[in-house]
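Make the full structure from the sequences, and use the hints.
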Amino acid sequence: MNKKPPPPLSEGYSAWEVIDMQFEDPKWAIPNILPEGLNILAGKPKSGKSFFALNIALAIANGGMALGNIKVEKGTVIYLALEDTLRRLQGRILTMIKHEGSAPKNLYLYTHFPRMDQGGLEYLKERVELYPDTRLLIIDTLAKIRPPVKGKNPYDEDYQTISELKRLSDACGISLLMIHHLRKTESENRFDDISGTFGITGAADGLLLLIRNMGEATAELHVTGRDVESTSYALKFHNDLLSWNLLGNTEEQKSTDKKQQIFDAIKASKEPISPKQMAKKTGLYAGYVTRMLPYLLKEGCIEKVGRGFYTYRDEII
1 MNKKPPPPLS EGYSAWEVID MQFEDPKWAI PNILPEGLNI LAGKPKSGKS FFALNIALAI
61 ANGGMALGNI KVEKGTVIYL ALEDTLRRLQ GRILTMIKHE GSAPKNLYLY THFPRMDQGG
121 LEYLKERVEL YPDTRLLIID TLAKIRPPVK GKNPYDEDYQ TISELKRLSD ACGISLLMIH
181 HLRKTESENR FDDISGTFGI TGAADGLLLL IRNMGEATAE LHVTGRDVES TSYALKFHND
241 LLSWNLLGNT EEQKSTDKKQ QIFDAIKASK EPISPKQMAK KTGLYAGYVT RMLPYLLKEG
301 CIEKVGRGFY TYRDEII
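Position 289, counted from 1, in the sequence shown is what the numbering used here calls 289; the numbers after and before it change by one each time, with no gaps.
List of simulated lysine-lysine pairs, DSS-like, C-alpha gap at most 25 Å:
id: 1; residue 1: K71; residue 2: K236
id: 2; residue 1: K280; residue 2: K304
id: 3; residue 1: K74; residue 2: K125
id: 4; residue 1: K74; residue 2: K98
id: 5; residue 1: K258; residue 2: K280
id: 6; residue 1: K166; residue 2: K74
id: 7; residue 1: K270; residue 2: K304
id: 8; residue 1: K144; residue 2: K125
id: 9; residue 1: K259; residue 2: K280
id: 10; residue 1: K74; residue 2: K27
id: 11; residue 1: K98; residue 2: K46
id: 12; residue 1: K281; residue 2: K298
id: 13; residue 1: K280; residue 2: K270
id: 14; residue 1: K304; residue 2: K276
id: 15; residue 1: K270; residue 2: K281
id: 16; residue 1: K281; residue 2: K304
id: 17; residue 1: K236; residue 2: K259
id: 18; residue 1: K281; residue 2: K267
id: 19; residue 1: K270; residue 2: K258
id: 20; residue 1: K74; residue 2: K236
Here are the computed distance ranges between Cβ atoms for each label pair:
id: 21; residue 1: E83; residue 2: E122; range: 15 to 25 Å
id: 22; residue 1: E220; residue 2: F198; range: 16 to 26 Å
id: 23; residue 1: G308; residue 2: T197; range: 51 to 61 Å
id: 24; residue 1: P132; residue 2: E83; range: 20 to 30 Å
id: 25; residue 1: D117; residue 2: E73; range: 26 to 36 Å
The hints are simulated quantities; they were obtained by calculation from the structure and are not laboratory data. Just so it is clear, CB atoms sit at the ideal spot from N, CA and C, and this is done for glycine as well.
Structure representation (structure tokens):
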């Protein structure tokens, strides 16, 4: 029995040729957070994932500021809000734009959509091609659009599902944000908590984790991926606008919070106070308190009195 010849290979390139190639800069839906390609945003139920998605959808469709302070380029957004109703979306949009912005005509919302194995993938491609300036496609959630799991090989099925969506985002040159869930148990590496097999996370270009404790206004957004530097950001949720605001790098924000604790301890003291006393009042290490004091002095909100004592100046930090 004659063996069939192997299929022809695509043309290969030498490393010398590759380093001499010219490529366009990668596109970003949100600079340094949401790159071109397939990205997964995961979080616990009721953590604010859908608010996050609608916030950035409105910002990009309007060409405004995402997460309160990140300038984004305007473009069409296609949003599959498959766990919502039009009534709920209407209420959320009206709340989010009541102080600024508008309801953009280039943000297209779907509350029903065929599964990938029922023509959904082809229809998505048609939608994106219909609007050549599409910058972002949001699918909320993965479970609503993926084919039923047959149980033969969960890893292969997960990888196949994500790979098909990734090919769509790559072919169209857009950012695709897939909303997904976390497992109930927590791992040492939080990205391992994303529900499903490693076939989901392995095929994705970028991963975003929204970590928020129930009832708290603040959260952490952990970002990693092939084209994005692994970073954690501090976020704050404003209930009156149903909107997330970026506060900054998580470590920087924690430093700011601790500095505020030191300032509050100095302000509350009726007498000049030493770093050791500040440490006792705040629960911070005395060495850390000592390192933070020059910054407070530079800001002019405290002053040094005598040797090693500090007092509050009548200014706001």
